[in-house]
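Residue numbers (the working numbering), protein chains in the order written: chain H, 11 to 534; chain P, 675 to 975.
Some hints could be false.
[Unchecked claim] Covered stretches of chain H, as calculated for chain P (at least 3 residues, CB under 8 Å):
hint	stretch
1	113 to 123
2	151 to 164
3	257 to 269
4	485 to 496
FYI, nobody ran anything at the bench for these hints, they're computed from the structure. Every residue gets a Cβ at the ideal spot worked out from N, C-alpha and C, and that includes glycine.
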Amino acid sequence: MMEHIQKTVLREQLTGEVSRLVAGGARFVMTVGTDLRPQGQGFEVRHFFTHKETGVATTLVVPVPEADPNLPTISGVTPAALWAERELYDMLGIKAEGHPDLRRLVVSDDWPDDVFPLRKDVPHNYRPPRAENTRPALKPVPDGSTIVPIGPFFPTLEEPAYFRLFVEGETVVGVDYRGFYSHRGIEKLSETLHYDQVPFLSERICGICGFVHSTCFSQAVEQAIGVEVPVRAQYIRTVMLELERIHSHLLWLGLAAHVVGFDTAFMQAWRVREPVMWAAEALTGNRKTYGMNLPGGVRRDLTAEGIKNVREVLNTVEKETLSLVRALERDSSLRMRLQGVGVLTHQQALDWAVIGPVARASGVREDIRIHFPYAAYRDLEVKMAVREAGDIWARLEVREEETLEAIRLIRAALDNLPAGPTMLDLGEIPAGKVGVAMVEAPRGQCYNHVVTGEGGRPYRWRVLAPTYMQLQAVPQMVTPGTTIADFPIIAASIDPCFSCTERLEIVRREGKVDDAVTQRRGQP
Amino acid sequence: MISTTGLILYNLAFALLAAPLFAGITRRLRARLHSRQGPPVLQPYHDILKLLGKTECRVTGDWAFRLAPMVVMAGAAAAALMVPMGARAPLSFGGDGLVLIYLLTFSAIGTVLAGLSSHSPYAGVGASREITLLLVVEPVMAASFFTVALRAGTLGLGQIAGHLAGAGFAPSLIIASFASFLAMQAESAKLPFDIAEAETELMGGPFVEYSGTPLAAFQWALMVRHVVLASFFVALFAGTPSLNSPVMALLLHPVKVLIVLVLMEVVAALSPRLRIGQAIRFYEGAGILALAGLMFAIFGA
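Using the sequences and the hints, build the whole thing.
Here you go:
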């Protein structure tokens, strides 16, 4: 279990503390605001940092009085906190003083100004009165440029997201973003659910990498009460996480190819991907949204037949992925479209605290599986895929390499699968405990913060979805000379999952269609 | 000898009525390359019929907006009368090849008109891309045509077709056939040059605001354009001598057209879409190639 330092700092000391942490190489992960007024205190803001070299996580806990709900912004030190602080105001009404852009991020435009949903005095089913003619606060258009809207609905955005491109001719000179159209308040909802219900809600945050979320939640609860789940359960989680990585990366490969009009690669990538879904179905009963995780372990054991099936599928997928990768590497037109486009420099990647394949494509050597190991990654050695170029081609190569590495990891996990139980009865979970967990998702990093509460329910659950940091950094990837033609693939290159970021239930459209089809098939 | 009226009817029928069938076959082929099953071969007919029956939704009262689909369709249909389709071209005369190129350009200008009159940023960008492409692609097409014309000593497509079959291939003709094949890929708005429509970037570019009958006209005209371009290519480089059996020539023509269209579809299926700047550089290269071919022809090779 990683070392976690929790340090209470006063508001006046905050900026200095953050500067010291960041200068020491710590990376900003997320901000969690909690309403502690029912417990006779004020608000509490937690800035969570990790340091990959030492493997230490640091939380700066800032008490914020109810009468004066504000604290200094830390976005001047680490711009990655810009969105987190906007969210802090939207959800809890805690203002980051000195923040350059406190426009609404999460709540919708017709939401009342004085209702902050995550405050405990707002019920989870509160419905604001209907408002007319509300509009998002938009950035002004720079002189001499026109607007090309990408969204809120657009063919290559599977989910609603609104990018306003400021263009001169075909050249993009600026971007404005309004998203969170899919926000459904599941953090709030979780406060009404039991610990053995939340993983199922959590898994539905993402239609592709749902297992990441349920694992992360379960691990946060386990960490809060200080238990280790049975080793076999840890291995099973790793197998499922890596299966998910394979199908997620292949899904991305297909979508990215589609965005640049390369439908042959799109269809082939998805053809290769499909057996992975079947293997997951054979193991868990579901091709997606496996329903396997609970705090304490996994609900289903792997059968010998299921394992044999997975091995066979891995052999096929490995062979076909390799031939697909070789074909793409040789494709000079694809290279022309992706090389040197959407570049995120190493320094920008650090400043904006991006993580996952996008960071590793910019030469950031960080992988949660290696630096903050969990589940079976404590035993299995993960080979990191790193590229230096920082462009979309580098992201493609990193993901290709990770797909093949995931196949190797599953084989290693299955070879060393320990015997034993898969579930541990956690008994009554005491209130007032804090647990944090991080999981390396296919799209980046998943982070969960859980505060346990009374009655077997979490008091506060905070989710950092994997896309959050990367999405925030997209405007940095619009380098001078970027054209309208490049923007859709730049946005796609972070493998965005908007509804994940916005914490919705069902995400990608194709996932939804699949589910519907399965349901129909299941019914006579 | 078949009457001119008969030929007009034949060419129009072939270009207008058979074009969706060719589109259906190539769609099916594309699906197979994708490892998909693909739609029925007759699907393009159903698509057109469906669109014809839909209510039209007009975003603007601009006359250009209403005129554009007619220009595109009329240009494509008129071009169909200029090109031999297994027999003599119905309106053949000494310089019909040149007129054909003009008509194809005229039809493409209709697309630009559609984009500019739609008052949509996507359509506007699509129109500007379309006209940029036209400017670099047309010279390649024209240079290839002149190369062949120079070899044959005539600008008439009928005579060119007859000439080549007798005289055989020369280096300049090989270059010209290659250059004009490249030009056709953009002329027919196929990948990697479907830059003006670019579904995943511009949502159909110039056509984004069209619906119902006008949209059917655009889609149908594009299919006609494919058949006309393929027939043009066949006339330049794969003509059958008129001395042979006319029935055979008539029957052979659809096969040749299909081969050309299949080749184009394979190229399209294997390419991601280029950026407009990359396409311009590509056609500048193709233009130099076509000019080299023309030089060869001038010096008799």
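These are the hints, each one checked on the structure:
Check on the stretch 113 to 123 of chain H: 0 of its residues sit with their Cβ under 8 Å from a Cβ of chain P, so the three-residue criterion for coverage is violated. Only residues whose beta carbon comes within less than 8 Å of a beta carbon in chain P count, and the stretch 151 to 164 of chain H has 5; three or more means the coverage holds. Taking a C-beta to C-beta cut-off of 8 Å, the stretch 257 to 269 of chain H contributes 3 residues in contact with chain P, enough for the three needed, and the coverage statement holds. Given a C-beta distance limit of less than 8 Å, the hint that chain P covers the stretch 485 to 496 of chain H holds, as 4 residues qualify and 3 suffice.
When held up to the earlier numbered hints, the structure conflicts with hint 1 and nothing else.
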